[in-house]
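Novice: The primary structure of each chain is shown beneath.
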Amino acid sequence: MPFGNTHNNFKLNYKVEDEFPDLSKHNNHMAKVLTKELYGKIRDRQTPSGYTLDDVIQTGVDNPGHPFIMTVGCVAGDEESYEVFKDLLDPIISDRHGGYKPTDKHVTDLNFENLKGGDDLDPAYVLSSRVRTGRSIKGFTLPPHNSRGERRGIEKLSVEALTSLDGEFKGKYYPLKSMTDAEQDQLINDHFLFDKPVSPLLTCAGMARDWPDGRGIMHNDNKTFLVWVNEEDHLRVISMQQGGNMREVFKRFCVGLQKIEEIFKKHGHGFMWNEHLGYILTCPSNLGTGLRGGVHVKLPKLSVHAKFDEILSRLRLQKRGTGGVDTASVGGVFDISNADRLGSSEVAQVQLVVDGVKLMVEMEKKLEKGEAIDSMIPAQK
Amino acid sequence: MANSFTRMISGRNTAVILASVGAGSLTSGYLLCDSTADAAERRKLYPPSADFPDLRKHNNCMAAALTPTIYGHLRDKTTSSEWTVDQCIQTGVDNPGHPFIKTVGMVAGDEESYELFAELFDPVIKDRHNGYDPRTMKHPTDLDASKINSGMFDERYVLSSRVRTGRSIRGLSLPPACSRSERREVERVCVTALSGLKGDLAGRYYSLGDMSDREQQHLIDEHLLFDKPVSPLLTASGMARDWPDARGIWHNNEKNFLLWINEEDHTRIISMEKGGNMKRVFERFCRGLKQVEHLIQEKGWEFMWNDRLGYILTCPSNLGTGLRAGVHVRLPMLSRDPRFKKILENLRLQKRGTGGVDTAATGDTVDISNHDRLGKSEVELVQLVVDGVNYLIECEKRLERGQDIKIPSPIPQFRK
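Taken in sequence, the protein lines are chains A and B. Going by UniProt numbering, the first residue of the first sequence is number 1, and it counts up by one from there. Going by UniProt numbering, the first residue of the second sequence is number 1, and it counts up by one from there.
Here chain A stands alone, though its shape is the one from the complex:
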């Protein structure tokens, strides 16, 4: 909660044993890492804006998780959270991001020219291509913590930046709270509209407070570039289009992001970034590139092949249903995207998607012809 250390000094009057959460039934990264000793060690800390350890972990305490799905179980309230609570967050980051060490450096590469190929994914299989990321604006606290005044400040800055874009990025901003019914219908039909989060993973972290105040959507006239303001992160930036030309999608993504960043920087509010964690976002799972690049692809035969999951794992890819995270696939169509976020660059991650999907489409074609695909199964990337 904003402005004040949320009861923390008062809580310090109570013993660690009495305050330590019961995590005995929990399966998330936070619960794996947080011991009573660690809790006792860092519970008196707070970031300059007043974010505390209990704030960081509340979502993980309230959502024990699922035996098969390991959620992160914590969020940052501001840029400093990752520093002040590093004793908790570093091991979680390491666990979530393939052993990433506190001393590791993250490389940012938004030069779309460095991507090889990506413009020839077979549109008979690859129905659509999309790249998204998030950005946080320096000088403001993050969605779990920010006050209405800050959120409105973020919106104001974002709107000025976004509505000043031109060329293929020229577009319009729709604030959620003053949308007309006609605008709302259009945005729903375009699959652009985001709604108040209902997942308890998000609501328990406090990021849905004051909805829809300060929230909105900007999209360009062509409907291929889209920015969400003040949902789970300050900004979510999305480039997408029908068909398999991931190269074009990624180019638009990179160019658009860089234009936006220039404008914010000119006004003293660059994006939160550092050379260890890359782009700083609300959820530790989105650190690094914050990038999810993916396609909707028809793989009815490959998806029921015994080795499908192993192939994905080796290609460092992840499958989701066509409704996004935590949905099921419909009609053999899967959302295939990069699994990694931290420790490799944007170009590298999109390259994995482009190469991996190309290979899987080849496999699908082979399976259609009744041929085996064992020789095509790749080595671990």
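Source of the hints: derived by calculation from the structure; they are not laboratory data. There may be inaccurate statements among the hints.
Said to hold, decoys possible - Straight-line alpha carbon distances no greater than 27 Å define the calculated DSS-like cross-link-like pairs of lysine-lysine that follow: (1) 102/B / 177/A; (2) 57/B / 172/A; (3) 36/A / 101/A; (4) 228/B / 196/A.
In this text the structure is predicted, and so the values were computed from the model without any measurement.
Dock chain B against chain A, hints included.
Specialist: For chain B alone, coordinates are given in the frame of chain A:
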């Protein structure tokens, strides 16, 4: 409006207050340093006007009462357990409400909230409780069940009778605000006290977190189990945090005296039984309450209470007696009569579905209970329910016989 970016460039390391968009009185502040400023500095950068919630689409008591002036006076205050007015009103900001149903839209985090934020709570209380003014009026407490007359209903109509209230343990923060240790302390205090109950009140405690499947099924079958709140009115206030830690249910062996621990309030106390013997239900209610109070006092604890607001509970709507006395009653003809609503209104009664608040009636059975909580004593309210339900049953009988019914004159209450 001047170009805000121009101003920001000229004042790189100082905060700049800018004119706003939209409703005239908002202003926004921008921080122009690289790190996030500390809490005190941010309070200066973001004056109350920048944080004032947009309540234009809201229909709840808080939204009707909160002005920028009041918010300005209260925003930077904190209770001794560090609870703020923003935290009190969050649920009302997040839940605009419904044009037909006016919710309260705010909660207390501790006993002190009602004092420190009285400038906002008092008008909300007045609005919700028919003009009751905590500054000038006194709330009567009366738990003498022997005073109830005609407390036995016709059981061809009344299927069950129930009385509930809540109690808060003085010195511990309320469910929206409490830390895990405070919540566990509430549980300890109550469970210790309850273990001292004897005779027809003796029973046992089921911790929500440690319940076995069999125990859980038993409690569900008996309609005793409460679950994690899903209503956004409750979850947005923070009272479901850390679920199910330190939550539980206690009931006596007869299963007609029951306590919920750490749901929306520290405790909810319920006395109920099948049939129409409201007097006996209320008698057991009073007896049980008094014994629990005595047992916690032995250990140096007491309930939150004062003579202006009566019993202090999380939601302002439950101040005073916190009491809802009701029946499940079959009124097939009356419930369809166009005068039903007015009759209930004049009798200061409220109807709900048989699933409780915000549920629909099933078939011909409705839940009828007292509408008011504050300004009248427990005895007065239960008597009002007894007299009112008897009247409704009379109406039903008359309609059955083809006779006409009358709308009763409204029960007097203090000035609106």
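Novice: Hints first: check each against the structure and report whether it holds.
Specialist: The hints, checked one at a time:
1. 102/B / 177/A: OK: residue 102/B and residue 177/A at ~21 Å, within 27 Å.
2. 57/B / 172/A: holds, 24 Å
3. 36/A / 101/A: holds, 23 Å
4. 228/B / 196/A: Satisfied, since the Cα-Cα distance of roughly 21 Å is no more than 27 Å.
Going through the hint list in order, the structure satisfies each hint without exception.
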